[in-house]
Amino acid sequence: MKIAVCIKQVPSTNEVHMDPVTNTIIRDGKQSVTNPFDTYALEQAVQIKDHLGGEVIALSMGIPATERLLRDATSRGADRSLLLSDRSFAGADTLATSYTLSLGIRELGGVDLILCGKMAVDGDTAQIGPELAEQLGLPHVTDVLAIDAIDEQTVLCRKATDNGYQRLKVTLPALLTVVKDLNMPRMSSLPGILYSLDSPFESKTAADLSADPARIGLNGSPTQVVRTYVPQRIREAIVLEGDESQLAEDILNIYSEVI
Amino acid sequence: MTGLKIHQDKCVGCGLCVKTCAADALAIQNKKAVVNEACFLCGMCLDSCPFKAISIEKQAAPKEDLSAYHGIWIYAEQQQGKILQVAYELLGKGQELAKQKGCKLTALLFGNDVANEAQSLIAYGADEVLLCEHPLLDTQIGENYIDLFDQLIQERKPEILLFGATGFGRSIAPRIAARRQTGLTADCTILEIDPVKGLLNQTRPAFGGNLMATIICPNHRPQMATVRPGIMQVQPCDVTHTGEIIRVDYPDQDASKTASIELLEQVIAAHVNTIVDADIIISAGKGIGSQKNMELVKRLAELMGGVVGVSRPLVDIGWSEYQNQVGQTGSTVSPKLLITFGISGAIQHLAGIGGAKTIIAVNTDPEAPIFSVAHYKVVADCVEILKHMIANLEALPENGLLIEESKDKLS
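Chains as they are written, first to last, in my numbering: chain C, 10 to 268; chain Z, 65 to 475.
The shape of chain C in the complex, shown without the other chains (with noise of 0.2 Å):
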């Protein structure tokens, strides 16, 4: 079996602040980490491959300092890595960066299987998986939590819903995209780490791929950030004082009023 598995690199932290003087947005989180979810994307693939045979690839989408995530992904499993990076990628929405990994697949050739994390922590869309699996003309799964069952034609899966969960058969060749917590992602062991430093690692322009200049980057983008701003909290609490048995009470008058 042969299992892509995508992992986007994303800041290691989400905060970001106001500089008072200047009122503009300061961002922190230079560092930069696997996203979360990708990592029970790839723990899972690494599982079916130990399962079934075949072969795990991580492919990326991103700057040339991406190599190091991929790398790490071969240092837990994986048994190489593709990496898409080109200057003319930049600035791709989720539709420019569905088609530039389809390119990867195709580049892959004979993917069976396809695991993405649910969504990215950075930009929160979960837009990547079904646009890529429409790319590719694939059926696709989005919140699996749970794989039942695997072998070369199908695979039975746990989907999550908003009100429970569905249990689905897919066939193969599929894309799914998995919550967290369907497993328990392995640490990097010395051997795997040893195997990463000369892990097969490629890296593709746009021209390698023949992409079309047209849906990638920012030229493929239809959409366009027009303004960034962070939230206003101009909410002043209302303090409530008092002892605790008066703190209770006070709490549930509230309760009452507002229920």
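Hints in this document: simulated from the structure, not taken from any laboratory.
In silico BS3-like cross-links for lysine-lysine, where the CA-CA straight-line distance does not exceed 30 Å:
1. Lys146(Z) - Lys168(Z)
2. Lys122(Z) - Lys213(C)
3. Lys122(Z) - Lys69(Z)
4. Lys421(Z) - Lys189(C)
5. Lys350(Z) - Lys189(C)
6. Lys189(C) - Lys400(Z)
7. Lys163(Z) - Lys261(Z)
8. Lys362(Z) - Lys189(C)
9. Lys178(C) - Lys146(Z)
10. Lys356(Z) - Lys189(C)
We have chain C already, so just place chain Z on it with the hints.
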């Protein structure tokens, strides 16, 4: 030329953009900012510059004729034949947008045997309902919906298409957007029509709610967004409002496509009162001190008719389950009343509670960030407050039975 542009006449070399850049793509040379190859056009520096000296230049897209696109569509999602609350919220917002645009508001109702719900969509503001009934629409298998949406969009050309940001909505909307090669904005909390350009301004929280981003889709149609449930206002029901119900055909399906995903079992969780749709949430963080105090939180939630929510650390240390976790990597909640005990308010947690109508926060630390979003601030010992509240509620005559029951459980 596509790329980041620094306007030399405006740049004063203050270096704020350099500090903001997460990619180390900016530097100051000769008192002006310069951009290097590492730039991936995230746009963070644009907002950091007080002099508006940075812009992103984009190659003009080939103009498609967009004038053929009219009207606002909302997807009226139903589960087991019952229309979801978020559909009425979308109708509420949709009415306002349609009025501004001077266009029709259309609701899409798809399912098997759902026609009797169409009239209520009209009463809540739809001018038109596109109704499609087919056995394949009986269950929420996204694959079976995509061709239908695609065909209707191509035939009828809506200008705007909105979905509730439910699990199902967020699974099918990206697929439809990618099929039509148009933009999609996820999980919007504010929607407005730009008074000048007439475009839909789609505003959503980003970076775990630390930033709000307003996004447009200027050159592609339809303009698509998923909208967070519990945010938009439902407008009053008006049974005199008239509208047309139009039946549409289910498209011919490529049989192999519908066979690729098969529903084996649909399990609806036994207790429907989940934190996502609860009116009252009593939530706890590490500040409650010890695991045994979780029992107090549960008891209070039970007495108040609410459910228990927790912050991530409590799930990590095993005091509670993931389904109770509130926040960015848990659930986003929008109850009428949220009472937090011992939650300091990490930014990832605050990202999940923005929709709560009333927040009462109890914490010993008067500087806890939770107080910056709370309506009522209580600086006190959580356990004492919990015990007093429980005692007060148990003393109420109507709770006598509950006490008897719990005594039974204890004995």
